[in-house]
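Each chain is listed here by its residues.
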Amino acid sequence: MEAAAMNWTVAVPEIALALCAMAILIFGVLRRQDATFLCTMLSLGALLLTGVLVIGGQTGAGFGGQFTADAFSAFVKLLILSGSAFALLLSLDYNEREGLARFEYPVLVLLATTGMMVMASATNLMTLYLGLELQSLALYVLAAFARDTLRSSEAGLKYFVLGALASGLLLYGISLAYGFSGTMDFAQIARILASPAHASAGLVVGLVFILAGLAFKVSAVPFHMWTPDVYEGAPTPVTALFGTAPKVAAMALILRVMIGPFGHLLPHWQLLIVLVSIASMLLGSLAAIGQNNIKRLMAYSSIGHMGYALIGLAAGTHAGVRGVLVYLVVYVFMNLGTFACIIAMRRQGRQVENISDLAGLARTDPGLALAMAAFMFSMAGIPPLSGFFGKLYVFLAAVQAGLWTLAVIGVLTSVVGAYYYLRVVKIMYFDEAQPAFDKRGASLSFVAASTGLFTLLFFIFPAPFVGAAEAAARVLFG
Amino acid sequence: MIVAIAFYAFALILLASAAMVVTARNPVHSVLFLILAFFNAAALFLIAGAEFLAMILVIVYVGAVAVLFLFVVMMLDVNFAELRSGYQRYMPVGAAIGGVLAIELLLVVTGWQVAPEALHLSLGAAPAAATNTAALAEVIYTKYVFLFQAAGLVLLVAMIGAIVLTLRDRKTSRHQVIRVQTERSAAATLEMVEAGIGAGIGTLGIYRPLPATADLEPADNDPHADDPHADPVDAAHGGGAHGGSGHHAPEAR
Amino acid sequence: MEAFFATGFGHLVLVLLQTLALLIPLLIGVAYLTYAERKVLAAIQLRKGPNVVGPFGLAQPFADALKMLMKETIIPTGANRLLFLMAPMLTFSLAVLAWAVIPVNEGWAIADINVGVLYLFAISSLGVYGIIIAGWASNSKYAFLGALRSAAQMVSYEISMGFVIVTVLVCVGSLNLTDIVLAQRHVWFCLPLFPMFIIFFISTLAETNRSPFDLPEGESEIVAGFFVEYSAMSFALFFLGEYANMILMSAMTTILFLGGWLAPFGIEPFTWVPGPIWFILKICFCLFIFLWVRATFPRYRYDQLMRLGWKVFLPFSMIWLVLTAGVLMIFGWLPGAGT
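Chains as they are written, first to last, in my numbering: chain A, 184 to 661; chain B, 7 to 259; chain C, 13 to 351.
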């Protein structure tokens, strides 16, 4: 009986990834020097292998219901894996030039990815917490990876302290939820909450704390304070990673927790999510206007994007969840592309990060300018770029669920947001030309081109992505 | 009866020492009170019959974690008067937040109501026959093996992180190669010299270890070492030559 | 009599009597260990050792104790008075406390608890506090340096010690000290787990700050390390604590690896000797090695000490643990599977 309930094969992708990370760690330690490139390549191979395992893997519940592999988790995991892989590619060139080329970097990325995958599959509060902690701890270290620069150390420390606080909130919420429901298992909690009499105040308070802890991880307002500083201070490839894979994992976790065990409490949390979403969208669009540093701009932009994604959750419907998933796909790729362009901003061997440094890029490097412009238009949500479709699906879901106000505010804030995205385009195309950037590495061009093509051509073939998101969303609603 | 008295005594000391942790003026005293609090918590575990947890609490927290705390606190030169300077100013804000939290907690506690179904979901008591160490092992390595391993990964990340962020390979430091040291034989480092009775070693000059290379003459072929009547100046010169030829950096550093 | 001991008060009296019966021989043992150390060192160095006070110098420990008692306890200016005086008491009382669970013979333990090994391990891991507190409270650079060294050293070696203990536990299947001894009826663990025995013994040297790991004291570099400021009775308590710890660690080695009170081979002429005598003999054997090591080896350098602990002992004991567990698993020798 025990053996049947264990069913450990559902976790094969995670196990494989963790083992690969450890093997690469040992390889790097024994090899001593110039192992970074090899280790990065091996890590990319490991991510690819894991992706294959996810696609071909078994589905079902494992470890006595603590872990589940289903269409939802597979969708999210593939997105996480591609986000991590692209972020790793971005680091290759940057780390070499900044003197950060150390083999621990890919290993930490792999371990963080393992954590995110565990988060995507978590169907137990303890699994949730451990996955989250594994991911966060690796990311804290990565944020401080450029340990000799003050800003990076500060970013790491800030992220760590605030992240620890968020973990504390989450744990407090979990303990309340456990105390009042008597179980950690998502399915059991859902069963208990099925009768409204059991929705005690304690459980609701616990839910709020859990939500607060998770909102920190997706940097939704009012738990966004760390985002601009950490984005700015961390090495840029790390920022690219922060903006993509962990956001996907945390958002997936929010979806699963809110729809799954606490689905019956929808009336309790819907207003909360609506407020968080509105606040995030407003702050993301208004605060970004005054920014000069492009990494800070991206930080506020990501806060805003998470606000849009939360609209889908606020709807609390099947269409809403589908919208969130499509939004995440679109968001991850355009974000990665933008960061590829940002990493390419090097002058005389030094990274430059001001928006004014992009001035006249259209004349000195038309290819890069074109890619950047495409990403900016997409982020602003201009059709027919992918960003438009992401917004379309969540707004549609909100309207269908009767959340008119939310949809209207979303549209309005995207108009405000369009202002600063288009300002970047204007600076690139119409301002006085600055000296050209250094020659960029091939990996950057590859990432920018592939994600750029995805962003441009998404409107031709949205069907497979929407279809997969549809299937994934259906899992959550049983 | 005795158990109840012991429980209240330990609980009281626990609370008092926890309060002292935050109020003590000297940070080292704070850590020592923290240790006292750990001990009392361990005692409470013992009263509850969880002897394994009690021992692990002492080993891990008192034996290792608090030692590091103490270590850090003793080395840091923190000006605590300065840290407390904002106390008066922030007091109202802190009190307000504390008050709100207290009210919320009260609301939660008064709304306490465990779902009746939940009571059947608890894991059930450990089998009475097994000690609680064995009972714990049973579930950790079977039912919760995934979580156990995930926790292990978290610790691995912490370890890698600590090394990545702090280990610096200094170019100036000289590493000891133990193998080279142990492979050195006595013949490579020692030279046996016959010293005449009553002659002292003054006539023999200063001896240094010979280089390990084979082309040097063996010690007993050295004319100066064998000749007790050698001219002192000559001997000194010979010794000097030895010193010169033996002047090489030792392999072991 | 039996009825009296069965009552609550009687039980208390019984425990007190048992404690005295254990403590008095222990304290005498500590006193004579100092004497034995001087005699053994002297013998190894071709000297005579103490031979003036009493026959063969046998009254020497008492003369020393009297001298220490008569001297003045000096508390340095700027020292933290309370902690300064507490540290030596802590060191000594911890060394004595641990004896509560040591079984001298079958059923001869004051408290035969389920988690005896963990208790011993916990108490031995607390020993570091006496040293750190002493170093800090003395308000002296040398003392503090010694304390820092010792804290790092003891915490490091505890880890490999923990793995060694776990290896033994895997072979026994119980944390109870009596069970551990009884599991060695057929073969003492020092034979099948010989490398672990060596690691454990060397780690106990480091745990007790004995030579060649006596860096916390390091007379030649940091004068006397953490107890440089101590004098008279407070110094004597540290001194006695160190020797009591040596005896404790020897007792632990005996229980874990040398079969506790069991006679060698369990055959006729040996079994005539009662268990406690064997126990004491084995402790004496371990103590002799402690002294022998002190007379033979030079002090380790600090980085070498750390290297040995973290890069040699820790990986090796981990690998050996996995190996042991694997062998037990494959051959189906795991103790008490299912309970």
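These aren't lab readings, by the way, just hints derived from the structure by calculation.
Where a beta carbon is used, it is the ideal one built from N, C-alpha and C, also for glycine.
A couple of the hints might just be wrong.
Per the computed footprint, the stretches of chain A lying under chain B, defined by three or more beta-carbons under 8 Å from a beta-carbon of chain B, are [what the hints assert, rightly or not]:
1. 244-250
2. 283-294
3. 318-327
Listed next, with one range per pair, are the computed distances between beta-carbon atoms [said to hold, decoys possible]:
4. R330(A) <-> S191(B): 17 to 27 Å
5. L111(B) <-> R657(A): 32 to 42 Å
6. A307(C) <-> A193(B): 25 to 35 Å
7. G104(B) <-> P549(A): 54 to 64 Å
8. S633(A) <-> L111(B): 44 to 54 Å
9. L202(A) <-> F17(C): 34 to 44 Å
10. G338(C) <-> S179(B): 53 to 63 Å
11. V391(A) <-> T31(C): 53 to 63 Å
12. T192(A) <-> F17(C): 24 to 34 Å
13. A102(B) <-> G338(C): 26 to 36 Å
14. W191(A) <-> F328(C): 39 to 49 Å
Each hint tested on the structure:
1. 244-250: holds (count 5)
2. 283-294: holds (count 5)
3. 318-327: Since 5 is at least three, the answer is holds.
4. R330(A) <-> S191(B): 17 to 27 Å: Violated: the Cβ-Cβ distance is about 44 Å, outside 17 to 27 Å.
5. L111(B) <-> R657(A): 32 to 42 Å: holds (40 Å)
6. A307(C) <-> A193(B): 25 to 35 Å: Holds, since A307(C) and A193(B) (Cβ atoms, about 27 Å apart) stay within the stated range.
7. G104(B) <-> P549(A): 54 to 64 Å: holds (60 Å)
8. S633(A) <-> L111(B): 44 to 54 Å: This hint holds: roughly 52 Å between Cβ atoms.
9. L202(A) <-> F17(C): 34 to 44 Å: violated (59 Å)
10. G338(C) <-> S179(B): 53 to 63 Å: Distance hint for G338(C), S179(B) is violated at roughly 38 Å.
11. V391(A) <-> T31(C): 53 to 63 Å: With a Cβ separation near 55 Å, V391(A) and T31(C) satisfy 53 to 63 Å, so the hint holds.
12. T192(A) <-> F17(C): 24 to 34 Å: Given about 60 Å between the Cβ atoms, the range is violated.
13. A102(B) <-> G338(C): 26 to 36 Å: violated (60 Å)
14. W191(A) <-> F328(C): 39 to 49 Å: violated (30 Å)
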